[in-house]
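So the sequences go chain by chain: Z and B.
Counting from 1 along the first sequence, just add 159 to a position and that's the residue number in my numbering.
Counting from 1 along the second sequence, just add 64 to a position and that's the residue number in my numbering.
Just so you know, not all the hints are guaranteed correct.
Think about it this way: if two alpha-carbon atoms lie no more than 20 Å apart in a straight line, the pair counts; the simulated PhoX-like pairs of lysine-lysine are [said to hold, decoys possible]:
(1) Z:LYS711 x B:LYS450
(2) B:LYS247 x B:LYS298
(3) B:LYS531 x Z:LYS517
(4) Z:LYS397 x B:LYS531
(5) Z:LYS324 x B:LYS113
(6) B:LYS483 x Z:LYS373
(7) B:LYS294 x Z:LYS249
(8) B:LYS398 x B:LYS599
(9) B:LYS531 x Z:LYS633
(10) Z:LYS382 x B:LYS247
(11) B:LYS494 x Z:LYS382
(12) Z:LYS373 x B:LYS494
(13) B:LYS599 x Z:LYS517
(14) Z:LYS180 x B:LYS294
(15) Z:LYS249 x B:LYS298
(16) Z:LYS382 x B:LYS471
(17) B:LYS450 x B:LYS390
(18) Z:LYS373 x B:LYS599
Please keep in mind that the hints were generated in silico from the structure rather than gathered at the bench.
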Amino acid sequence: MKNKKTLSSLKKVLSYVRHHKALLLLSLLCAAISVILTLYVPIVIGDAIDYIIEPGKVAFDKITPMLIRIAIASIIAALAQWMQGIINNKITYGVVQDIRNDAFRKLQSLPVSYSDTHAHGDIVSRIITDADQFSDGLLMGFSQLFTGVLTILGTLGFMFVINWKIALFVVLATPLSLFAASFIASRTHSLFKAQAEIRGTQTGYINEIIGSEKVVRAYGHEKEAMQSFEDMNRQMEKCSLRAVFFSSLVNPTTRVVNSIVYAGVALIGALSVIANPTAFTVGSLSIFLSYANQYTKPFNEISGVATEFQNSLACAIRLFELIEAKPQTPDKENALVLDEAKGNIEIKDIAFSYDPEKPLIRDFSLSVESGKRIAIVGPTGCGKTTFIGLLMRFYDVNDGEIDVDGTNIRDITRNSLRKSFGMVLQETWIKTATVRENIIMGKPDATDEEIIAAAKASHAHSFIKRLPNGYDTKIGEDSGLSQGQKQLLCITRVMLALPPMLILDEATSSIDTRTEMKIQHAFATMMKGRTSFIVAHRLSTIREADTILVMKDGQIIESGTHKELLKKGGFYFELYHSQFKG
Amino acid sequence: MIKLLRLMKGYRFPAISAPFFKILEALFELMIPLVVKSIIDVGIANADKPYIVKMVGLMVLLGLIGFSCTLCAQYFAARAAVGFSANIRSALFGHAQTLSFTEIDRLGTSTMITRMTNDVTQVQSGVNLTLRLFSRSPVIVFGSMIMAFTIDVKAALVFAVAIPLLCVVVFGIMLGSIPLYKKVQGALDKVLGITRENLAGTRVIRAFANEETEIASFEASTSALNVAQKVAGKISALMNPITYLIVNIAIIALIQVGAMQVETGILTQGAVIALYNYMSQILVELVKLANLIITMTKAAASGGRIQQMLENGGKGHESSTDTAKKDHHAVTFKNVSFTYAGASDESLSDLDFTVDKGETIGIIGGTGSGKTSLVHLIPRFYDATKGEIRLDGVDIRAYSEDDLRKKVGVVMQKAVLFKGTIRENLLWGKPDATDEELWRAIDIAQARDIVEGKEGGLDHVIEQGGKNLSGGQRQRLGMARTLVADPDIIIFDDSTSALDYATDAKLRTAVREMEGDHTVFIVSQRAASITHADKIIVLDDGKIVGIGSHTRLLDTCEIYSEIYYSQFPKEEVEA
Chain Z
160 MKNKKTLSSL
170 KKVLSYVRHH
180 KALLLLSLLC
190 AAISVILTLY
200 VPIVIGDAID
210 YIIEPGKVAF
220 DKITPMLIRI
230 AIASIIAALA
240 QWMQGIINNK
250 ITYGVVQDIR
260 NDAFRKLQSL
270 PVSYSDTHAH
280 GDIVSRIITD
290 ADQFSDGLLM
300 GFSQLFTGVL
310 TILGTLGFMF
320 VINWKIALFV
330 VLATPLSLFA
340 ASFIASRTHS
350 LFKAQAEIRG
360 TQTGYINEII
370 GSEKVVRAYG
380 HEKEAMQSFE
390 DMNRQMEKCS
400 LRAVFFSSLV
410 NPTTRVVNSI
420 VYAGVALIGA
430 LSVIANPTAF
440 TVGSLSIFLS
450 YANQYTKPFN
460 EISGVATEFQ
470 NSLACAIRLF
480 ELIEAKPQTP
490 DKENALVLDE
500 AKGNIEIKDI
510 AFSYDPEKPL
520 IRDFSLSVES
530 GKRIAIVGPT
540 GCGKTTFIGL
550 LMRFYDVNDG
560 EIDVDGTNIR
570 DITRNSLRKS
580 FGMVLQETWI
590 KTATVRENII
600 MGKPDATDEE
610 IIAAAKASHA
620 HSFIKRLPNG
630 YDTKIGEDSG
640 LSQGQKQLLC
650 ITRVMLALPP
660 MLILDEATSS
670 IDTRTEMKIQ
680 HAFATMMKGR
690 TSFIVAHRLS
700 TIREADTILV
710 MKDGQIIESG
720 THKELLKKGG
730 FYFELYHSQF
740 KG
Chain B
65 MIKLLRLMKG
75 YRFPAISAPF
85 FKILEALFEL
95 MIPLVVKSII
105 DVGIANADKP
115 YIVKMVGLMV
125 LLGLIGFSCT
135 LCAQYFAARA
145 AVGFSANIRS
155 ALFGHAQTLS
165 FTEIDRLGTS
175 TMITRMTNDV
185 TQVQSGVNLT
195 LRLFSRSPVI
205 VFGSMIMAFT
215 IDVKAALVFA
225 VAIPLLCVVV
235 FGIMLGSIPL
245 YKKVQGALDK
255 VLGITRENLA
265 GTRVIRAFAN
275 EETEIASFEA
285 STSALNVAQK
295 VAGKISALMN
305 PITYLIVNIA
315 IIALIQVGAM
325 QVETGILTQG
335 AVIALYNYMS
345 QILVELVKLA
355 NLIITMTKAA
365 ASGGRIQQML
375 ENGGKGHESS
385 TDTAKKDHHA
395 VTFKNVSFTY
405 AGASDESLSD
415 LDFTVDKGET
425 IGIIGGTGSG
435 KTSLVHLIPR
445 FYDATKGEIR
455 LDGVDIRAYS
465 EDDLRKKVGV
475 VMQKAVLFKG
485 TIRENLLWGK
495 PDATDEELWR
505 AIDIAQARDI
515 VEGKEGGLDH
525 VIEQGGKNLS
535 GGQRQRLGMA
545 RTLVADPDII
555 IFDDSTSALD
565 YATDAKLRTA
575 VREMEGDHTV
585 FIVSQRAASI
595 THADKIIVLD
605 DGKIVGIGSH
615 TRLLDTCEIY
625 SEIYYSQFPK
635 EEVEA
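So here's chain Z without its partners, still in its complex pose:
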């Protein structure tokens, strides 16, 4: 089962590599050239040594051309090596880039609930750290696996040509080395996986605490945070020690096996020279020893690659888990592209819950005519925000249906549906970019005049003007804008896009009431002719609504105009009057 998973992720990795087929072949070619020449050089050297026998018997005329041959072969081999290095970099970094991009793209098509229910730190750690570790492993694989295998095959080939007896001995001894390497590698895999898991937990914790460092400080919780971090950290240390130590055993183990092989070659070689000095010269012995030395290297490398690859596959598995997470149901093939929606909304008996055990929205029906203003009020946690999420199709209803202009929203493309709504949420989100880029999210081709007009309407213009670079000032979450200023920018986004329907979910909660009054005026103009949904606690902001829905426990318990509801003396009446209580 475990191997199956590893195997399938290996296949997936290969499918990414496939895009670089031509480069891969070129890399192989370079590897072959450099390996063959690297193996050829010791042969020439051995031959040269055979001409250096004893005083007075050195054939300089034979040696010189050999030395030239060595020089040429070395230069070509070096060039091939360099090219191979560059190509391998290109492939590896390309593959990691592709995988990262795919993972990020996937993130955009996962259901919103994925981001709600998964620790952001863990997702980040997959896309950043795991991808990085994976790329390291892959690069090692490329640069050393090819050359390693080719060197082993090439060495064996040359050996058989020169002296089959010694070659046979080496071949027989080979499995010993392989066996030792694979024995250790198979044991380290689970250690690496455990390490990756605990690393994920720790990254999550770091993300949580450091992400809210100010809160931690405000409560003087530093010591406790440090304590839990320390526990996690020491556990991680234990885990890593095991993984790192066991994986580092591969190299020495293969080396000791190889030094035995080296000794064997020396023994058989020396005896062969004594037995028949003309058939097997001292020079040949030096070739063999040099080979035996080089022959150990690829085994070390391959085994190194094996451990690194284990680690890297463990990381790849975590990446693929993300890439293959179940996406939201895709738009239907013939889904309608909603253009210029009129804004007739029909909600038929919908039900929804995040957790099947706890029903949230039930028996909810509503009919909204184009251009009407609907206000939703109710105590905290009554399902207001969830309802908005259903309208925008952040979640799909479990039961019933929502129609826009007579079409079930399941039959409309998500993008066109969402673009038809302008949404301002209580929780503001500013991306790291210029003010202008933040504003044009809903209308990328807006002119400067349009942008400034929208900013003036939302009363954001005056503070933007005062920023160091005006509309070109770089801003972000931590850039010192107040919550209210951020909210004004979010409102400007909608003011600019002017979509046919509006959702204002506590849109002005962080804005002072004086500015709010002015914005309300702008909102009022904007809402004219647009179907609007307004969620607010400030009852003053919703008095003007055509219909006020009073929600409680996921159901509509009262509805009507402000006056009607006050007259009724129900829940709304109570809610309204509580704001005057000291």
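Go by the hints and put chain B onto chain Z.
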């Protein structure tokens, strides 16, 4: 990077033992070519088979001794590297706990997180490999040269030329690539930033159907990373081929010199082979070293960034020894001004007011008028740039950070809860609080229905970031967390914005009825939340424009009456 080494504390023994055993192993390995030389010059020349067998036996023995040395070395290296990186993580995390708010603002969260995760991992593998190989390689390289000198001085001169040349190449490439790898890491930071931001903005991005734009900017960042990686890779890819070439040229020279020495009878054939073997050994070692260099440069770059963060701030607050009681008020602001680091304008100017024990102070004002900045000065989240703030008549700089945090409780605008049970979250305020105390705080915060409604009550597990709670629930639990500590001064920093009016009103009543003399600051956008306050401070553009009771301000402060009537239109107030 070197400064970081002090964090090796507690792991010095393994950190020293690892290279020691590696060097030992290298020394055994250096014997091998000499053994081979004896086999050729003595064993083969005299056709002495028993001698050859004996020598081969010696080789095997040397190999086995070397192996046991390596085992020790690997273990100690792993221990030192893993322990070192754990220490670094602790140091970084601990350091983050001492940063001032200004420094947190400046460093940025995502930078701190990469330092603690990615950079530390890089340093760990760097240290591990360095301990294992970096001590061994020089021993082999220079050891080979020394061995060569014992064989023949003239031939050894080839080593004396080749080795410095190799050093120049190896270190040149290494030094050249460090800044390039720094750039790579910087590019990676950007990719991380975008990922985090995207996750935080899932809803907004989808609402504006901006997924493709986001993907485009992410892809731009990964492709910048790719370019940086390839540039750095190109330089380090030079390492192997160049060293290979130098070594082979040295071998050519060696054979030429060796041939001449043999011709004149100074050297034997076996000696030439031994010299050649030493040179080959250098190459094998350098190839290993080259692979190490990439890891090492990356580690050094990461280490530098870690060091940078450790050196960044953490100076804590300046303190004062002036513990004299200068007045009898609970809180005194004396000509206080405040400017954020890097900002050109004052956020607060010349604030001057006093608050008595047990009073409730309302703070109201427009967006960006400085309400939050004002209350953040009281627990010294930020230090006033001018003037003096006193608590119970004593300069706040004379309080220790711990005392101050115990005395002043802040309920923040954005209620952040942490992974763990509700109880664990509430105990943040007071680690030894009893359940009874917890429930009392929960009741005041109007959160009883939340806790009772959750499976397990106080033991209900809150997910990371409090994601399984609504905004209002988070706010009320956040409030309870502060109330558990029962601080003298409680600051509500616009912390009821997600609550409906009815709950907000009940909460205010409950806070007023709390036992003991609590001084309460309420920052709010809602006039209703502060009308009952003993004193209301009206801020506009960082200045106090009105201070007094509700009824007085309604008459005397234009901005206040404007705010009030925008929320309570006259006709309905009168109705």
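Going through the hints against the structure:
1. Z:LYS711 x B:LYS450: 50 Å, violated
2. B:LYS247 x B:LYS298: With Cα atoms ~14 Å apart, LYS247 (chain B) and LYS298 (chain B) stay inside 20 Å; holds.
3. B:LYS531 x Z:LYS517: 16 Å, holds
4. Z:LYS397 x B:LYS531: Violated. LYS397 (chain Z) to LYS531 (chain B) sits at ~31 Å, over the 20 Å cutoff.
5. Z:LYS324 x B:LYS113: 18 Å, holds
6. B:LYS483 x Z:LYS373: Answer holds: LYS483 (chain B) to LYS373 (chain Z) is near 16 Å, not above 20 Å.
7. B:LYS294 x Z:LYS249: 7 Å, holds
8. B:LYS398 x B:LYS599: It holds: about 17 Å lies between the C-alpha atoms, which stays within 20 Å.
9. B:LYS531 x Z:LYS633: 29 Å, violated
10. Z:LYS382 x B:LYS247: 35 Å, violated
11. B:LYS494 x Z:LYS382: 13 Å, holds
12. Z:LYS373 x B:LYS494: 18 Å, holds
13. B:LYS599 x Z:LYS517: Cα-Cα ~45 Å, so violated.
14. Z:LYS180 x B:LYS294: Within the cut-off at roughly 19 Å; holds.
15. Z:LYS249 x B:LYS298: The given pair, whose Cα atoms are some 10 Å apart, holds under the 20 Å limit.
16. Z:LYS382 x B:LYS471: 18 Å, holds
17. B:LYS450 x B:LYS390: 18 Å, holds
18. Z:LYS373 x B:LYS599: Not satisfied, since the Cα-Cα distance of roughly 28 Å exceeds 20 Å.
In this structure, the earlier hints numbered 1, 4, 9, 10, 13, 18 are contradicted, and the remaining ones agree with it.
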